[in-house]
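Undergrad: The task is simple: from the sequences and hints, build the whole structure.
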Amino acid sequence: MFVIGERINGMFENVAMAIKEGDKATIQDLALKQMEAGADALDVNVGPAAEDPLRTMEWLVKTISEVTDAPLAIDTPKFEVMEAGLKLCKNKAIINSTSGDREKLDKLLPLAKKYNASIIGLTMNKSGIPQNAESRAEIAAQIVMYAQEQGIDMNELYIDAVILPVNVAQDHSREVLDTIRQCKLLCDPPPKTILGLSNVSQKTLDRSLVNRTYLAMAIACGLDAAILDPLDKDLMDSMITAELLMGKQIYCDNYLEAYKKK
Amino acid sequence: MEKVTEKWASKVNELIIGATQKEGGTRSSVIKVGGATTLPFLHFEGVIPNPPAIAMEVWDMEPPDWPAVLREPFRDVLGDPVEWAKKCVNEYGADFLCLRLASTSPDTKNNSPEEAARTVKRVLEAVSVPLMIIGCNQAEKDTEVIPIVSEAARGENCLVGIAVQANYKTITAACQSGGHSVIAESPIDINLAKQLNILISDMGFPLEKIVMHPATGALGYGLEYTYSIMERSRLAALQGDKMMSMPMVNFVGQEVWRAKEAKTSEEEVPEWGPLASRGPLWEATTAVSYLQAGADILVMCHPKAIDSVKKTIEELMKK
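Same order as they appear, the protein sequences are chains A and B. Per our numbering, the first sequence starts with residue 12, numbered consecutively. Per our numbering, the second sequence starts with residue 13, numbered consecutively.
Derived by calculation from the structure, the hints in this document are not laboratory data. Just so it is clear, the structure is predicted and the values come from calculations on it, not from any experiment. For every residue, glycine included, the Cβ atom is placed at its ideal position computed from N, Cα and C. Certain hints may be false.
Stated by the list, open to error - With beta-carbon atoms standing in for the labels, derived distance ranges:
| no. | chain 1 | residue 1 | chain 2 | residue 2 | range |
| --- | --- | --- | --- | --- | --- |
| 1 | B | D119 | A | D264 | 48 to 56 Å |
| 2 | A | D34 | B | P63 | 30 to 38 Å |
| 3 | B | S240 | A | T215 | 44 to 52 Å |
| 4 | B | E156 | A | D34 | 45 to 53 Å |
| 5 | A | E24 | B | S240 | 52 to 60 Å |
| 6 | A | Q161 | B | V16 | 20 to 28 Å |
| 7 | B | T38 | A | D34 | 53 to 61 Å |
TA: Here's what the structure looks like:
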């Protein structure tokens, strides 16, 4: 599974502090630790309280690029900040994200094409987050259609069925799993699927337990990627074990070690 | 019609066996195997930089059970590993030899590690082609013999075996110390094969110097089982599993010449046809099947079978 490390996000205190103080070391340490823990890419989010999101995004991307060539997921709702981040990416970038709204797709899909970036498409729009799998899949189908019109390869498109916290929207957990399955049937080859995993456990008491259980369930439904905390060892071990159970790696007694040695 | 090709994520490890003077050895040539970026011989889909290699078997004693058809090509040298090795190279054009230290087995002569080391040194002096060295395939005796033998061949970058679950620590350490590559064997079990590779790697031995032996079944005696393991292993390698990316070896001769189809004369079973061609054919057919499964090294015995497989490899390597 493609793992995007979520820790470089201004909503975390240590990152917010580092941004405020221009502390490169903390950011770079987080980048390297996440890669070492098995992340394939790094999410970059300036956080909700950034005074100058554009400058901050540029600073984060530059700082991270000094220590790693990892693909970066530029995580922002603002178009100018998105483009600023993409411009500075030396390697593969991922646009995090667009919704199903036509206006957003019309701006972000061409951006993906321009920068040869992958793009995450959320199955929500101005009307909000749909209640059930069918409605989510409908939005996914629209995103797929517009992406194909723009000549974007399905390998570059990640459909995010928008998981909600289990403590307030418990019904959605099942619907999202269903949506992941349905996305596989949209076209051939199908788009990829992704989840912002940590959202499922917001404000629960044992976030790690909820996260890793849901991840295993999602992997069984065919999940291709996730934005998560790679520093959660139990989560990563669960992911590797779920993939093993889905036949993605050949079993051996030290399968955890084998995966990490890759 | 559209040509459908795969784009594989990774490739098979490339391995060099033998060391020339430049590299600290005394070989006049080296053998290079592995490196493929696609399934066997699919030149239209990827790169296959090295043809599979054939190692010709030489024993350090006269094989007690070889049928006449197999003894015939080596009739005057069977008891003398040095002359046997020379005959393989000079008369039969072998460019890679497998020296089998069968005499060290408690079931044969139970020769000492020191005697085995002497034989290895003499063979290394007599011929200048790269060498595979294997013990008697009894795990415990091999742990006594291989370290001494490995030391005797130090610097020649041989392919040494056989490491199994029971003795891999000693065999691997011996290869590490002597600068050799190691054959890691598992009993037709892909999970144990992967596990053994990890265990060997945990000792600090480089993954790139491991050759996998998934245990060879002769045609009619389990070939399909080995074949399917090898196929799965090769697919895993191409999909990026570094623990399965090693070149693979099959001990074809060892298995085939135990089979009744390769030993029984036409007097006993007329329907089977003449043994003179049947025996080598059984060996060649087994070998060629394994080529399709991804064998990078074939250890073979009969010159006729080897010739036939060499020609097949040439054809298969044509782009």
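Undergrad: Within 44 to 52 Å: is that where the Cβ-Cβ distance between B/S240 and A/T215 falls?
TA: 45 Å, holds
Undergrad: Can you tell me whether the CB distance of B/D119 to A/D264 sits inside 48 to 56 Å?
TA: Once the Cβ atoms are compared, 32 Å apart, the range 48 to 56 Å for A/D264 and B/D119 is violated.
Undergrad: Assuming the hint says 53 to 61 Å, is it satisfied by the Cβ distance from B/T38 to A/D34 or not?
TA: 59 Å, holds
Undergrad: Given a hinted range of 30 to 38 Å, is it respected by the beta-carbon distance of A/D34 and B/P63?
TA: 56 Å Cβ-Cβ, so the 30 to 38 Å window is violated.
Undergrad: Looking only at beta-carbon atoms, does the pair B/E156, A/D34 fall within the given range of 45 to 53 Å?
TA: 60 Å, violated
Undergrad: Determine whether the Cβ-Cβ distance between A/E24 and B/S240 falls within the hinted range of 52 to 60 Å.
TA: 54 Å, holds
Undergrad: Does the Cβ distance between A/Q161 and B/V16 fall inside 20 to 28 Å?
TA: Roughly 25 Å apart at Cβ, these two residues keep to the hinted range, so it holds.
Of the numbered hints stated above, those contradicted by the structure are hints 1, 2 and 4, listed in ascending order.
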